[in-house]
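S.K.: Given next are the chains, with one letter for each unit.
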Amino acid sequence: MSSRFRFPHVQMPPEATALRKEVREFLAEEIANGGFVPMADCWASAMSAEFSRKVGQRGWLGMTWDKKYGGHGRTFLERYVVTEEMLAAGAPVMAHWVADRQSGPQLIKNAEPEIRDAIIPRIVSGDCFCAIGMSEPNTGSDLASVATKAEKVEGGWKVNGTKLWSTGAHGCDYMITLLRTSPLDTSARHQGLSQFLIDLKAPGVDIRGIADIGGQVHFNETNFEDVFVPDDYVLGEVGGGWNMVVGELALERSGPERFLSTFIVLQEAMRLLVNNPTEQTKEVLGQVVAKIKTLRRMSLGIAGLLQEGASPEMEAALVKDMSTNFERELLEKLRKVLPQNILATSEGLLPGLLRDGILRVPSSTLRGGTNEVLKGMIARQLGMR
Amino acid sequence: MTETGNIIFDTANRIFDDLSTPEVINAAEEGEWPKALWQAIEESGLNLTWVPEANGGIGASLLDGFAVIKAAGAAALPVPLAETLMAGWLLSKAGLEVSSEPATVGLGEVQYVNGVLNGTINAVPGGRSAKQLVVVCKDGNDWLVAQMATDQCQIAAHNSLAGEPFDSITLSDVIPVQSGVLTGGMDADSVQAMGALIRCVQAAGALSAALELTIEYSMERVQFGRPIGKFQALQHSVAAFAGEVAAINAAADAAAEALSRADGVVDHEAWVEIATAKTRLEEAVNTGAAVAHQVHGAMGFTYEHRLHHLTRRLWSWRDEYGNDTVWAKRLGEEVLSWGADELWPKITAVSNA
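Taken in order, these protein sequences are the chains called X and S.
Here the working numbering is used: the first residue of the first sequence is 786, the next is one more, and so on.
Here the working numbering is used: the first residue of the second sequence is 10, the next is one more, and so on.
Accuracy of the hints is not assured; some may be wrong.
As the list claims (entries may be wrong) - Simulated pairs of lysine to aspartate or glutamate, EDC-like, Cα-Cα distance not exceeding 16 Å:
| id | chain 1 | residue 1 | chain 2 | residue 2 |
| --- | --- | --- | --- | --- |
| 1 | X | 806 | S | 160 |
| 2 | X | 806 | S | 292 |
| 3 | X | 986 | X | 1006 |
| 4 | X | 839 | X | 810 |
| 5 | X | 943 | X | 991 |
| 6 | X | 1118 | S | 292 |
| 7 | X | 943 | X | 1017 |
| 8 | S | 140 | S | 160 |
| 9 | S | 44 | S | 110 |
| 10 | S | 239 | X | 1157 |
| 11 | X | 853 | X | 897 |
| 12 | S | 140 | S | 110 |
Claimed, not checked - Only some residues are given here: those of chain S computed to face chain X with a beta carbon under 8 Å:
| id | residue |
| --- | --- |
| 13 | 170 |
| 14 | 259 |
| 15 | 328 |
| 16 | 348 |
No lab work stands behind these hints: they were computed from the structure.
Predicted model only: the values in this text are computed from it and were never measured.
Ideal Cβ placement from N, Cα and C applies to all residues, glycine included.
Start from the sequences, fold in the hints, and give me the full structure.
M.R.: Shown next as structure tokens:
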């Protein structure tokens, strides 16, 4: 078993303690000053360019990236501390989330040096945000079926098609977009795909918000009509997009946002639950905290693997599957011990958090790879596929 | 693991592979003491894993010892090695001598008055297989650890779900062989927590082993013209099982490490980690045992198949030293004492992580 999935025990470096304190003080100050109101699912539904710039000014974006590219050269564990503190506080981190998590590392690895040097420092300062362009109207779990295409033209590429579910694209500067650069070969479906960095302000790009079941607009449909993308904006080799996407997905799935999206609901519910707790309340709290602590340990193990330089694709899939189920389970358990009709009260943050949490949580087990896809990956790692 | 730990671990696995066979385990359930197995354990000193070398033991670290306990769980070991190690741990925490005989710990209402022990302890794992019994009882303001021979007690035999001794032991004016005060600020609850931790570690091993059996069988068994493991429905069940195995290993390891940091004393931090692991164990066992049996089909439901050596132990361990309801409520009370504003700081405070 131990050889199938590896979760190394992580020892936080001493500097992480001071860093954690610094982040907590920053967040407490922001809340006190009205800088933000804690939100459930904050990393995918609370966008504030102003807040992201403050985070950048603090040196908390691009933390693990090499200093020579404008990053801060810190450890994955230090980045973990910052991200988990932001998530636990329900801070509005959505604007910078994707760029800091996966686009930056992708650009550092695969962008042309001039492009990289122009963009990375702006991501680090919290002035440049990125979106993901993977899914399409007819492409979800089966990513190799993307139909949005780039055709070679003089000096660049002409892009046509539609990308879907790009969280935060309406507030982003760029989209890293998976495109078909040669026709689908059904015997080699992963070939002929390439990743492009597309300027979302370019002519022919049309971004339209899509309301979710709560009536809120956080994700988008992006149409590309004869959008010209210069040659420099192709990432890595033409035709090498698939492996890049796989690497990016490992990062996308690896972090604490997969189990902490609803944590703020628990924290605020505790304010009520501490008064005359029932036996059921005690049991529920014990169960959910036991799960959070266990998931966090596994999640930290993934950060440890990233620090080792490994690509913890399989471990990330396993933890994301369990974690996202937990995000829903937490709300299901809490509603059993909270007062009836709590949504009809307007006291404190809890009613709003609970509503948002419940209405946002179906997304947890879909985004970044459905749990069914993840279970397929786990089965492959177990030697069953 | 330390270098000594690796040697001990390899030795343990070799002995368990050779001598904890399905036949031996079945015979043990019929009441036949696995003499060769215990003898090999004694000769290799595994029963004295945690006893310092100066006192005739191996002097392995706590974590090395837990690795042996995990391996014992994976091997469905039909002798009370884990109980013997626990008894040794308890004796050493009271500054007492540790014997090499099979031993167990009894947790229950025991009175200590005028140098003699009285009371009945139920559900003692290992019970009649053990030569030595260690109990904890109040002596004024102290918690006393007392050791006696099981021969000095009356034993009413009962069996656990795994068909292992789970006896009621009555002490009538028993004069202990040795006794001493429990150190480290520990009490009977601390001892129960140690038992819970040991069960979690054993279960982590047993669930890992059951997962391996399950994967193996799913790739061997052919139905509808292909191995059943090739069916997506089954793959998804096994993937969920793998997640549970990873989770209980993570939780059990975290608790063992917390105990190790506290030098073997169940301090508050170790207690919280143990409560976490024992609470988390329920779902791991429920899911793991259910999927293992579902995949093995009717074959795995037979006495002849070895799967039940693992699953029956898992179902028993799930309940021993406090079931998940008991532990979840205790952990919940702890969480309530933190309050909303300390919830996150407490979760992140543990183990400098």
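S.K.: Now tell me, hint by hint, if it's right for this structure.
M.R.: Taking the hints in turn, this is what the structure says about them:
1. 806/X x 160/S: This hinted pair is violated, its Cα atoms lying about 58 Å apart.
2. 806/X x 292/S: This hinted pair is violated, its Cα atoms lying about 34 Å apart.
3. 986/X x 1006/X: Holds, at roughly 15 Å.
4. 839/X x 810/X: With Cα atoms ~13 Å apart, residue 839/X and residue 810/X stay inside 16 Å; holds.
5. 943/X x 991/X: holds (15 Å)
6. 1118/X x 292/S: holds (15 Å)
7. 943/X x 1017/X: holds (13 Å)
8. 140/S x 160/S: At roughly 7 Å apart (the allowed maximum being 16 Å), residue 160/S and residue 140/S satisfy the hint.
9. 44/S x 110/S: Within the cut-off at roughly 12 Å; holds.
10. 239/S x 1157/X: holds (15 Å)
11. 853/X x 897/X: Distance of about 15 Å is within 16 Å: holds.
12. 140/S x 110/S: OK: residue 140/S and residue 110/S at ~6 Å, within 16 Å.
13. 170: violated (23 Å)
14. 259: With a minimum Cβ separation of about 5 Å from chain X (threshold 8 Å), the hint on residue 259/S holds.
15. 328: violated (16 Å)
16. 348: holds (6 Å)
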